[in-house]
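Enquirer: Protein chains in written order, with this note's numbering: chain U, 1 to 209; chain V, 1001 to 1209.
These are computed hints drawn from the structure, not numbers from a lab.
Among the hints, erroneous ones may be present.
One-sided and incomplete, this derived list gives chain V residues near chain U with beta-carbon spacing under 7 Å [claimed, not checked]:
(1) L1021
(2) K1041
(3) G1153
Pairwise CB distance ranges (calculated) [said to hold, decoys possible]:
(4) U:M118 / V:S1130: 25 to 35 Å
(5) U:S40 / V:I1180: 38 to 48 Å
(6) U:H60 / V:D1190: 29 to 39 Å
Even for Gly, the Cβ is constructed at its ideal location relative to N, Cα and C.
Protein chains: 2
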Amino acid sequence: MAENQFSSRLLENAINEFAKLPGIGRKSALRLVLYMLRQSKEEVEDFGNAIITLRNDIKHCKRCHNICDTEICSICANPKRDETTICVVENIKDVLSIENTQQFNGLYHVLGGIISPMDGIGPSDLNIGSLVERISTEDIKEVILALSPTMEGDTTNFYIYKKLAAANCKANITTIARGIAIGDELEYADEITLGRSIINRTPYQETLK
Amino acid sequence: MAENQFSSRLLENAINEFAKLPGIGRKSALRLVLYMLRQSKEEVEDFGNAIITLRNDIKHCKRCHNICDTEICSICANPKRDETTICVVENIKDVLSIENTQQFNGLYHVLGGIISPMDGIGPSDLNIGSLVERISTEDIKEVILALSPTMEGDTTNFYIYKKLAAANCKANITTIARGIAIGDELEYADEITLGRSIINRTPYQETLK
């Protein structure tokens, strides 16, 4: 769509702003803006303010770097969670994904990214120092490295492993299991994953739990 | 996703607001909100304010009801446009679509909807009175009814036609051509459209223009 076709600067502005969002093109942006115009002024203000307030007032948990509204996030502050297990994740989206499984009752540590020289992200850009500090000051029995099984994830895992070892970490360091995803067909699995899934085979009875 | 899974009320609020938009589910909403969190405070404020300002400050053209920032829209105010031809459309999206074709140089009249008893929209909810007034006061040579060829569109066309006739309208009243869309295959065309396209066949030379 041409830039100067709109009869309103305000309309054009709003469309441009929506079109900046990932996955939203100019046609979708127009559709969303026209939807907004049909809503009441109060509803539109609620929408805009919710996003502005979020960006301005959001905090990061001092302990695990998860996002929250208070100094300490609701997971870290929950007395029912197991404080001796820390699950190390890349970002808050991964916290949500793991929480959704309802299979983990420990605490998290959000790195805020993974080591990626291509994107100019080095270890000092991540919350690794505070992880090492937690290991030293808290009573941690297990550190689960739950990063994506990619080149960058593996590099970050290895870096953290070395750092923890250098800090005399007594906790067990584990990673999430790698293998064939449930529902996947063997013939389409890549060789490395399939090979790893044979090496790390588990007793059949454990799959029945 | 469960409602109480988020560690932040602000995050949840923003996700809920995005998820209200048409075509955006809770997963997309989360993705958009996390994208927002990565932008600068200024960028997020620009986004929110662009939408709030649009809703609060938008005006409708006093002549054609198109949306604009001033009393009269840029199309109506453009001295190069043909003021004797009015194209009647359902909404501002249709104005944009027709403008994009670059095949129309007249003015518009935006009805703001079409007659649809199912949705409780009657003639009095539409900008039909002001259309009749324009016909009486302006020097109009042609009124193009450019509504969708649906039951509701045809009903609205007929209602407007009757109103204009009752107001002693001297202008030609035309509708957009109905027929087989360019690129469509004849065998998949519905019978009514195909039948109409035969009745309204046009001289071959006209298609060469």
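Enquirer: Does each hint hold? Answer for all of them.
Expert: Right, here's what the structure says about each hint:
1. The restraint placing L1021 (chain V) at the interface with chain U holds, with a minimum CB-CB distance near 6 Å, inside the 7 Å limit.
2. Using the Cβ-Cβ criterion of 7 Å, the hint placing K1041 (chain V) at the interface with chain U is satisfied: the shortest such distance is roughly 6 Å.
3. Contact between G1153 (chain V) and chain U, as hinted, is not supported at the beta carbon level, the nearest pair being about 19 Å apart and thus beyond 7 Å.
4. In this structure the hint that M118 (chain U) and S1130 (chain V) lie 25 to 35 Å apart at CB is violated, the actual value being about 60 Å.
5. Checked against the hint of 38 to 48 Å, the C-beta distance between S40 (chain U) and I1180 (chain V) comes to roughly 42 Å, which is consistent with it.
6. Checking the proposed 29 to 39 Å range against H60 (chain U) and D1190 (chain V) shows it is violated: the Cβ atoms sit about 58 Å from each other.
Hints 3, 4, 6 from the list above are not met by this structure, while the remaining hints are.
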